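Protein chains: 4
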Amino acid sequence: MQTQPANLFERAFKKLVPYGLEAVAGRRAVPDIMGLDPDLPEVDLGRVREWVDNCLDAHAGQVEARNRAAMLGRMYLNLSQVGKVRFLGMLAEEYGIDDAGVEQAISSWQSALNGERARKAHQLRKALEPAHNRLLKQFTGVPSGVKFLVDMREELLGLKQEHSELESLEADLKELLATWFDVGLLQMEEISWNSSAALLEKLIAYEAVHEIQSWSDLKNRLDSDRRCFAFIHPNMPDEPLIFVEVALVSGLAGSVQKLLDEDAPTQDIDSADTAIFYSISNAQPGLAGISFGNFLIKEVVKKLSREFPHLKQFATLSPIPGFARWLENCPAAQLCELPGGEQWLSLPSPRVVSVIEANESMDVRQEALTKLAAAYLCQCKKGTRAQDPVAHFHLSNGAKVARLNWMGDVSQKGLKQSAGLMVNYLYELPKIEQRSEQYTSEGVISQSSAIKKLLK
Amino acid sequence: MQTQPANLFERAFKKLVPYGLEAVAGRRAVPDIMGLDPDLPEVDLGRVREWVDNCLDAHAGQVEARNRAAMLGRMYLNLSQVGKVRFLGMLAEEYGIDDAGVEQAISSWQSALNGERARKAHQLRKALEPAHNRLLKQFTGVPSGVKFLVDMREELLGLKQEHSELESLEADLKELLATWFDVGLLQMEEISWNSSAALLEKLIAYEAVHEIQSWSDLKNRLDSDRRCFAFIHPNMPDEPLIFVEVALVSGLAGSVQKLLDEDAPTQDIDSADTAIFYSISNAQPGLAGISFGNFLIKEVVKKLSREFPHLKQFATLSPIPGFARWLENCPAAQLCELPGGEQWLSLPSPRVVSVIEANESMDVRQEALTKLAAAYLCQCKKGTRAQDPVAHFHLSNGAKVARLNWMGDVSQKGLKQSAGLMVNYLYELPKIEQRSEQYTSEGVISQSSAIKKLLK
Amino acid sequence: MQTQPANLFERAFKKLVPYGLEAVAGRRAVPDIMGLDPDLPEVDLGRVREWVDNCLDAHAGQVEARNRAAMLGRMYLNLSQVGKVRFLGMLAEEYGIDDAGVEQAISSWQSALNGERARKAHQLRKALEPAHNRLLKQFTGVPSGVKFLVDMREELLGLKQEHSELESLEADLKELLATWFDVGLLQMEEISWNSSAALLEKLIAYEAVHEIQSWSDLKNRLDSDRRCFAFIHPNMPDEPLIFVEVALVSGLAGSVQKLLDEDAPTQDIDSADTAIFYSISNAQPGLAGISFGNFLIKEVVKKLSREFPHLKQFATLSPIPGFARWLENCPAAQLCELPGGEQWLSLPSPRVVSVIEANESMDVRQEALTKLAAAYLCQCKKGTRAQDPVAHFHLSNGAKVARLNWMGDVSQKGLKQSAGLMVNYLYELPKIEQRSEQYTSEGVISQSSAIKKLLK
Amino acid sequence: MQTQPANLFERAFKKLVPYGLEAVAGRRAVPDIMGLDPDLPEVDLGRVREWVDNCLDAHAGQVEARNRAAMLGRMYLNLSQVGKVRFLGMLAEEYGIDDAGVEQAISSWQSALNGERARKAHQLRKALEPAHNRLLKQFTGVPSGVKFLVDMREELLGLKQEHSELESLEADLKELLATWFDVGLLQMEEISWNSSAALLEKLIAYEAVHEIQSWSDLKNRLDSDRRCFAFIHPNMPDEPLIFVEVALVSGLAGSVQKLLDEDAPTQDIDSADTAIFYSISNAQPGLAGISFGNFLIKEVVKKLSREFPHLKQFATLSPIPGFARWLENCPAAQLCELPGGEQWLSLPSPRVVSVIEANESMDVRQEALTKLAAAYLCQCKKGTRAQDPVAHFHLSNGAKVARLNWMGDVSQKGLKQSAGLMVNYLYELPKIEQRSEQYTSEGVISQSSAIKKLLK
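Residue numbers (full-length UniProt numbering), protein chains in the order written: chain G, 1 to 456; chain Y, 1 to 456; chain B, 1 to 456; chain H, 1 to 456.
Bound-form chain G, shown alone (with noise of 0.2 Å):
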């Protein structure tokens, strides 16, 4: 059969049925009764303006209310890119605030007595809350409504370059999704081989750092020697917000690819010492700027120390996406009492070849390399923060820079991102909240005596 794109709304559809509305007259009937174009030239956005202002009457029934919504969810998804753009524009633009309104509640507030302010502030709050929140915050009722609004904030991040006129939608709608996808509410959930394949596939599909190649290489992810959590919502129970990739490892790791060998013998983990947590991501796009991941990996730090009360060190095996792009730039002034080398590797770095020059052993380019990326994570600031984007995730959770690993990483895109270099964020269980709010606070960056006697 064919895979359908997202049919978000059927499980919506079919839980409506019964409800008795004839005016649902089946799954597949809705978009056709309303028989719009999908680029919703003028009439047609005309017929959905109506169709919203249906759905914001306040006569309705809390679950007709609803049930309106998901019409209009069901006509969202048939649109074309043209007809979204228009769609959203209309909500950003006639359903946004009411400035009489907001204005009228100003003068209330600021004319109240002491004893009225708080209700009047609180009514103030309420004239500024735009039209279109009103609207939104129905999905959540909705079937798959949740993962709906999700999806289609990714598209408002999207189309907002182009259309600036969706900025504020994009920003409200991403803080009304920060709300409901509150810390608190997330479950985490181990993930194993016996995880539900609805689940598994998944991960093959976010698997952002190091791409699942197959459900072969997705189970050796998953083997005896290998944990994986996730961060669940209760409203979206088959989809993974974040997801992290564990290995047992005895030591440090150093290469990636050599944990991710299927061929290689599976570790036994009553002798693991270390856990390696190598890959970290994201799943949804659409909650990009609402973070989740530093209570992962302390959740699932505490998870493991209890699983394994032998575990002696928690850290990452880390890319520097930023390595590769920073030595191309900077300034030779900074790379010049380094020795140099020629074209390195496949790196197709000029500024290298000049800096690294030719004649020098491997070891001195290893050596020189090492340091620039030492120097890199824990002296290239933007003001306070690291300017790696992964240094600072980690930094900010609490974690040292711990040891750099030549040729961690040799897939083409480890070579091209961090010149082959990965590097390990150490999680020390007592320091990790007086490094965080040293980080974040003040700038100061955690290092090993190894990472230390590499800067001097």
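Just so you know, the hints here were simulated from the structure itself, not pulled from any lab data. Predicted, not measured: the structure shown is a model, and the values here were computed from it. Careful: at least some of the hints might be erroneous.
[Unchecked claim] If we take Cβ atoms under 7 Å as the criterion, some of the chain G residues that face chain Y in the derived model are: (1) Val63; (2) Glu64; (3) Ile97; (4) Gly101; (5) Gln104; (6) Leu124; (7) Arg125; (8) Thr140; (9) Ala178; (10) Val183; (11) Pro234; (12) Lys298; (13) Glu433.
Glycine included, every Cβ here is placed at the ideal spot set by N, Cα and C.
Put chains Y, B and H on the given structure of chain G with help from the hints.
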């Protein structure tokens, strides 16, 4: 072992320990460290104020921030009534809205150019958020933190009667809870004798309509011809929010005592044609004013009609809680055309005494009271709204007043509140949405022909 | 509704209906159709005999065969005690082994050539299977059929005392049950306050050592510092076969009343160093003689030591059920070297009266009785087997007699059976297999030095 | 990591370690300690013989006994083919029945008085149990032990072809497995895309009728208009024993290629009136001869008719695996009245060539072959039994031969085995028991009128 009052944070603190947060020296040590007087005299209030500031410190990591909130929660649970009022008063008054900030945001918004307006409105909305809201939100991430807030609102609802300074805090908390307890997040769960004792004991505690006398009474209500459904929130998995008890019977049931008789034979559910909703209880006083019953009944109707396709009607067997009081107070003129009677059963009503006079046969009295009840239900309104609260609930859900049952509830409570009468509200699937709208907008009360006859 | 005696077949018959078996006209109609006298007079026994033949009809499909067995089971449940004896007697005597068939199979086997011998032995084994075994086996496919057989054996165990003709049937049924209740099929399940009420009510019913007084007593035994584990059979999922109650404490517990005190504070399980098994109950009298306790204790020890790595010892707190009776009956010579005392507590023992004489202080009496108990446990044997049944159970599992506790159980039962004493048996992981073998083969009883001292 | 061949005992040994059994020094160490040659030369066989005696040692505790069996199992898994034959041969021959013991038990039985006879018969039965049975039974208590025995029987079924000395061992093992895999213990489980990958990969491996090509093919077979059910044994929870794939369609389906087409649109299940069983696969070759299919189909019919009350018929879409071979071999006389044809499709059949001669149109050929297939299915018997094995399976379950489908399976396998034809067997609920009995006892084959017409 002693039953501990609520020990909400026990689990919380155990979870925290593995975070390696030395600050949290142990779940029992905390209050000792703080060493506060439960009445929170001024000096101790000062220390709590510092701690609240600590909780609101923007530099703390999210995890640390929630830990601090957890400790504050624990502190709260150790306070006396006096101390709680002082603490909540401080939150209400000192951690409210920053008026100067609001004024500034208003100016900014008022002078903003068109393209900026939405962003400025957003900032004004933020400025209008009281500081205590930011504090309260941190509890969603603390284990049992949401239940903590629900219980705190229950306390606030009581305290604000005497302490009007707490009203705004209560209103703010209600708004937050309404967001978190959005119907879209609720899961309908079937409750049976196979449910956990931890959940079942909540039913015993919370049943509000017909008290559950014992575990054996409860078991009877979960027998093969009974069903029970509840809404559960993912953040409070062992706590029903609202639950409904259903009996599968043949024909409309008219007597609750018969339904609850432990010695009655079990109905063969394959021959049942009617589902009777004989009890609907809200389980969380702290969620008063945030309604779910509407949705629950509809979900249950959907579920039952799928499981038992031979069910032909869905109805309630409901008390008429305001009837007896109304009889007391309504002007004689309204009752005078009815035959009178002397003291009727145990109903301590001089008014009824004078109206339903002696010498009348029981039949006459039955007719008289039944007619009065029909009049009360269908004709006594405040505006468009039925005066009886249970009637209002079902009518706004789209039900019809179907039948009155003489001697339907002969318990003391039933006689005292409803003069022993009970009423069936009928949920007719194809008409509930329309009826709901007609009642809500125009106050139309649907009536069966039997009821109409009583009203002639 | 009436609590129905066992309604084993209710579910059975509902499942059967969709098979389209018109013969089974409905679950309540069946006995009426048969219309049997519950005492099964000769004429009715004849009809049952026909039905049994029907059940054994080799031409019926497997599904049909089981349906017939189900109806037979239903018939049995409606019989009186007299009727049951007649029916079971018929099964035992008329549906036993076909002697002629056996003789023939013996000849066949005896004259078989070498290559044929195994097959002929197989046939002889078949011939030796009583016809009623084939009938009983059909019940495994009937819902609740296995529980039916377990309960039938319970009845047989009682009936065979008076009706020796039922002995062979009971033995055959025991053998079948032993096959089905193979330990490999049992699942260990943790029972908590989150378990279903359907399961928990069984604990209340079945607890054999220290009676559970109420749901609140039960809840106390499932508090945060308690654990309870049971073996469950997949065919009887709501029925524990055996269960053990465990308290997590600091140091060996000596008094069961302290352990069960509902007002005692909860132990902090993170500081507990000892797991006390204070009650082990077999829940199915119909499985008498088929032992699982052995495995259950070891599984529980494994599970607890994984969950609580800081536990340092695993021990029981056990009654000495045969002690008081032994005191009554053992010859004076054995007791004479001990100090005497007058009537001790409520122990109605003239023997002890004469042995533990007046004027002795309580301490002397304590010492005397404790020494006697040590002697009873460690020196009173039948062959290599300890005379006390509880001692025998734990010793054959590999435990050591560790400590005697004066006034360990001051309940009436405890005083009467065990003179108020309780004993701790200690399970020391590295030694249990060796101790088990030494006790089983040679009768060696491991003793702590404290016990040895008492025996000097 | 390397996919390990079966690692049945991995889990076993990990579970054993906490028993504190020093003898089991670690799951990898065992074979090294034994240090056996995989071919089991005489000297090593001697050591294994000792170990087997060890396993059968009556003094060992039950737990210890099973640990020893587990080690023996591990040893077995490390043997070569040669070693296995030697080991199994030893079990068959040296650990069989003790003839002298049997003779003695026979005498005892023959001379027993009436009251003693049953007990003596019991003892004779015991004496007839081969020693290897006692050994094999110990494996049920070892994790994965039952699966181990199932796999061992699979090997025995192959080996006994060449090694007739293994026949009795295979027969004994079959008998034990038949007891453990009693239908009453099996759980029917619905398999969907939400099932675990661990279970789903077994479907891919075991599908025997229409091979599953990929995970995407599998997902298609689990789409919204498909169902899949399996029997699971509680002791092998991740292993289906048998599974059936069902399509919900409108009208009888005639082509398996259409059913499996991944690009076909999904059927709206609310309008489906027919459930098509298009594939039934036994998943465990080691359970050959122990049948469950009978029960599975009936359970599935029950379940589907409850879930989809609008389903009007239940039918299979089945291959006719013996048809082409039968065409090859059946005497010309039987075919002579049929029109002929030349080489038909790719069917490599000289017989058909001569029968269905050239010049005939495709229609004629279709008619000819369809008539032949009807004759083959309904008239070709061995005794009362249909010759085609799939026909026999469904007929003995109570199905009717309903329709023949020309070009129903045009895969290579379908053309080769079934001449491209497929057949629908119809399960008509009210008649299946009666049909099953008529077929089983008298060989009556129910036919639709369409089939009857073909046979005229």
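Taking the hints in turn, this is what the structure says about them:
Contact between valine 63 of chain G and chain Y, as hinted, is supported at the beta carbon level, the nearest pair being about 6 Å apart and thus within 7 Å. Taken as an interface hint, glutamate 64 of chain G checks out: its beta carbon lies about 5 Å from the nearest beta carbon of chain Y, inside 7 Å. Hint on isoleucine 97 of chain G holds. Least Cβ distance to chain Y is approximately 5 Å, under the 7 Å limit. Evaluation of the glycine 101 of chain G hint against chain Y yields a violated restraint, the C-beta minimum of about 11 Å exceeding 7 Å.
A least Cβ separation of about 13 Å between glutamine 104 of chain G and chain Y goes past the 7 Å threshold, and the interface hint is therefore violated. The interface hint given for leucine 124 of chain G holds, since its Cβ lies 6 Å from the closest Cβ of chain Y, which is under the 7 Å cut-off. For the restraint placing arginine 125 of chain G at the interface with chain Y, the shortest Cβ-Cβ distance is roughly 5 Å, inside the 7 Å limit, so the hint holds. The closest approach between the C-beta of threonine 140 of chain G and any C-beta of chain Y is roughly 3 Å, which is under the 7 Å cut-off, so the hint is satisfied.
A cut of 7 Å between beta carbons decides the hint on alanine 178 of chain G: the least distance to chain Y is about 11 Å, and the hint is violated. For the restraint placing valine 183 of chain G at the interface with chain Y, the shortest Cβ-Cβ distance is roughly 5 Å, inside the 7 Å limit, so the hint holds. At about 4 Å, the closest approach between the beta carbon of proline 234 of chain G and any beta carbon in chain Y falls short of 7 Å, and the interface hint on this residue holds. Against a cut-off of 7 Å between C-beta atoms, the interface hint on lysine 298 of chain G holds, since the closest Cβ of chain Y lies about 6 Å away.
For glutamate 433 of chain G, the interface hint holds, since its Cβ comes within 7 Å of a Cβ in chain Y; the closest pair sits about 5 Å apart.
Going down the numbered hints, you'll see the structure goes against 4, 5 and 9, while the others check out.
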